[in-house]
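**Student:** What follows is the residue order along each chain.
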Amino acid sequence: DAKTTQPTSMDCAEGRAANLPCNHSTISGNEYVYWYRQIHSQGPQYIIHGLKNNETNEMASLIITEDRKSSTLILPHATLRDTAVYYCIVRAPNSNSGYALNFGKGTSLLVTP
Amino acid sequence: NAGVMQNPRHLVRRRGQEARLRCSPMKGHSHVYWYRQLPEEGLKFMVYLQKENIIDESGMPKERFSAEFPKEGPSILRIQQVVRGDSAAYFCASSPPSRPSGNTIYFGEGSWLTVV
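So the protein lines, in turn, are chains A and B. Just add 5 to wherever you are in the first sequence, counting from 1, and you've got the working numbering. Just add 1306 to wherever you are in the second sequence, counting from 1, and you've got the working numbering.
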């Protein structure tokens, strides 16, 4: 699976949009971009995923560049409960590890009042 | 639809004892994964199972650790003769049967093992 690069940490004011970038310049054509987050002392939570089109759900939006080498997760109105570590993971449907996710270090997002 | 259920949520064991962690996948999910998170560290893949089969155990320590996912009942992660270094959060995840477009993996809330 392709490697991803994320900033170590970011701050965001409550009520503002949080834009979390991810670089995945070696992504292959069949690899999806997944986003998870882990709030302290909880299990990882699935947020959203996409292949090449932008995606939106009740939690967030995912913007993938046309060349697919980077993406941005957008939390439109961040709340204090969005403080968490956010993981961008690139994953192929037929990876040798049976679709297991490889978590990197992620971005630690702090939402401030 | 209940999520991935793990129990116990917290477990304390003395050195040398055995720890058994259980995981019931989401309804309709036939794939189970176990991950470990050591204190202040990232999530590390341990093992991937389907019903009655271990598909990938490349992340499992070679000794004392084993996992199973029987035809009936939950998946079990078993740690024999626990040592203090086994103290960690153990997360189970599940996903539905494979699709060409991939499948989303959902996690449980974890089991926190403390070895004293």
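Among the hints, a few may not be true.
Quick list of in silico lysine-lysine cross-link-like pairs, DSS-like style, CA-CA up to 27 Å [stated by the list, open to error]:
1. B:Lys1357 x B:Lys1368
2. A:Lys8 x A:Lys110
3. A:Lys8 x A:Lys74
4. B:Lys1357 x A:Lys110
5. B:Lys1368 x A:Lys110
6. A:Lys57 x A:Lys74
7. A:Lys8 x B:Lys1357
8. B:Lys1357 x A:Lys74
Derived from the structure by calculation, the hints contain no laboratory data. Owing to the predicted nature of the structure, the values given are computational and were not obtained by experimental measurement.
**Student:** Could you work out which of the previously given hints the structure breaks and list their numbers from low to high?
**Tutor:** Structure breaks hints 4, 7, 8.
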